[in-house]
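Chain by chain, the residues:
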Amino acid sequence: MAGRVEGKVAFITGAARSQGRSHALRLAQEGADIIAVDIAGPVPSIEMYPPATEEDLAETVRQVEALDRRIVATKADVRDPAALKAAVDDGVAQLGRLDIVLANAGVFEIQPALEVTDDAWREMIDINLTGVWNTCKVALPHLIDGGRGGAVVLTSSTAGLKGTPNTVHYTAAKHGVVGIMRTLANEFAQHSIRVNTVHPTGVDTVMIQNEKTWGLFAPDDPAPSREKAEPIFASTNALPVPWLEPVDISNAILFLVSDEARYITGVTLPVDAGYTVK
Amino acid sequence: MALTSNLEGKVAFITGAARGQGRSHAVRLAQEGADVIAVDLCAQIGSVAYPMATPEDLAQTAEEVEALDRRIVTRQADVRDMTALQAAVDDGIAELGAVDIVLANAGIAPQLNSDPHPDHEQAFRDVVEVNLFGVRNTVHAAVPSMIDKGQGGAIVLTSSTQGLTGRGGDGSGGMDGYAAAKHGVVGLMRTYANWLAQHRIRVNTVHPTGVSTPMIENDEMNAYMEANPGISAALENLMPVETVEPVDISNAIAWLVSDHARFVTGVALPVDAGFTAK
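Protein chains in written order, with our numbering: chain A, 1 to 278; chain B, 1 to 278.
I should point out that these hints are in silico values taken from the structure, not numbers from a laboratory.
Just so you know, these numbers come straight off a predicted model, no measurement behind them.
The C-beta atom is built at its ideal place from N, Cα and C for all residues, glycine as well.
Be aware that a few hints might be false.
Residues from chain A shown here face chain B by an in silico Cβ test under 8 Å; the list is partial [said to hold, decoys possible]: (1) Q190; (2) S192; (3) A238; (4) A252; (5) I264; (6) G266; (7) V267; (8) L269; (9) G274; (10) K278.
Throw the hints in and build the complete structure from the sequences for me.
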């Protein structure tokens, strides 16, 4: 049976590991070729979990190729429009087209609002908001040129719909992503280019599985752990589950970019175990 | 765990299943392997100007589901009548087993201002009775069997773009009631999502724009739109399509009720060609 995105090409940022790698694999399983980018290196203000590496990006390549799909992977920073443009242009040149854009790259840091340094604020907005815009800016011309429409999914967060303490820069950026989505949905509907956001609750990746995040909800615990964090995370969701798997977000994105969602655009789609309805 | 879009072995209870979106949902879910309990009034309601579904329509749905080698139990019942609805569900459960999926799809769009002597109060009462009370009855008729089964489940309530915006309002009893009821359905969804999360029963709404079915493609609606170009313009979609097809709503629902959306609950999902983002 033909895959649900058979013959299409998807551009994915933050593709070295976690959600980004999962999206690459899920779309490849359904027949897409992949243009992957990742910074594959550290960001100074992000200290609470280790950065993705070049080995991680190489592993994504290996796993996509193991599915017998093609992938063009480039080490590039979403804050660098020229590098990002070169990466997507090269990918389209090699793979022949572009149909799907997933602005997934992002970072997370926990800081009481008044302790967010000017540099940390700027870095967060640069990556999680401007980086999303840069991704759209370099990719949309290829969708328009293709003349077949297209589907863009921007990864926001439950923090793009609700406020949470100690994440002011992250929450501001993730709300801003919704603004980008709504504007582009209106501006590019005439080209049958659909633009939507997904809003995950906690996903089981290093971004939340680290001591600082475990400790966020248990500030007095000297030795926070995944096990101790589990019921606390679960209490934030309506469904009795602490966090989701990356594939749950990938399955939502697969639906959104497939022809099954051909008339879905301008939508904020929570994949959040009921976090925002609770 | 293998996550699948397959609904093999599941039982779906669908109201308004004689034609239009309801029939499309029945067929789409049957394609994924579900058996169906199909209910429809199959009779006219006084304030509705277009011809409503008939027993022959419901028989046609049964024929199409059976052609897919799935089982179906059909009953003529009024969603406003809890006793009749409960009897229909109970008959279905006796034959097919406990319910896993509920689609509260039955709805009417009563007379518009084009009627020379509209009974606004009656139109308002009828649409609220069917489109809001009927949804509550549908959920409560099926949920006890879902909780008893203890296997979780998925409920999708059919709202409308008129459940998220009031665009095109004209002050008629029918339009007032339609918008009020469809907004009310979102309230039901949100409270049910919280109520049923502990049972791993997910509850979401879909919000279609105009769908090419007899509810909107009829002489009365055509005459109304011609006489009210301002409202007709207000009801244009963002994407360059006049209406979407029933299967577009069915595809969104098939995703929502599958394991691919196993942690999606409390969500209002527009399938509206960008209508609400405009």
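How the hints compare with the structure:
no., hint, result
1, Q190, "holds, 7 Å"
2, S192, "holds, 7 Å"
3, A238, "holds, 4 Å"
4, A252, "holds, 7 Å"
5, I264, "holds, 6 Å"
6, G266, "holds, 2 Å"
7, V267, "holds, 5 Å"
8, L269, "holds, 7 Å"
9, G274, "holds, 4 Å"
10, K278, "holds, 6 Å"
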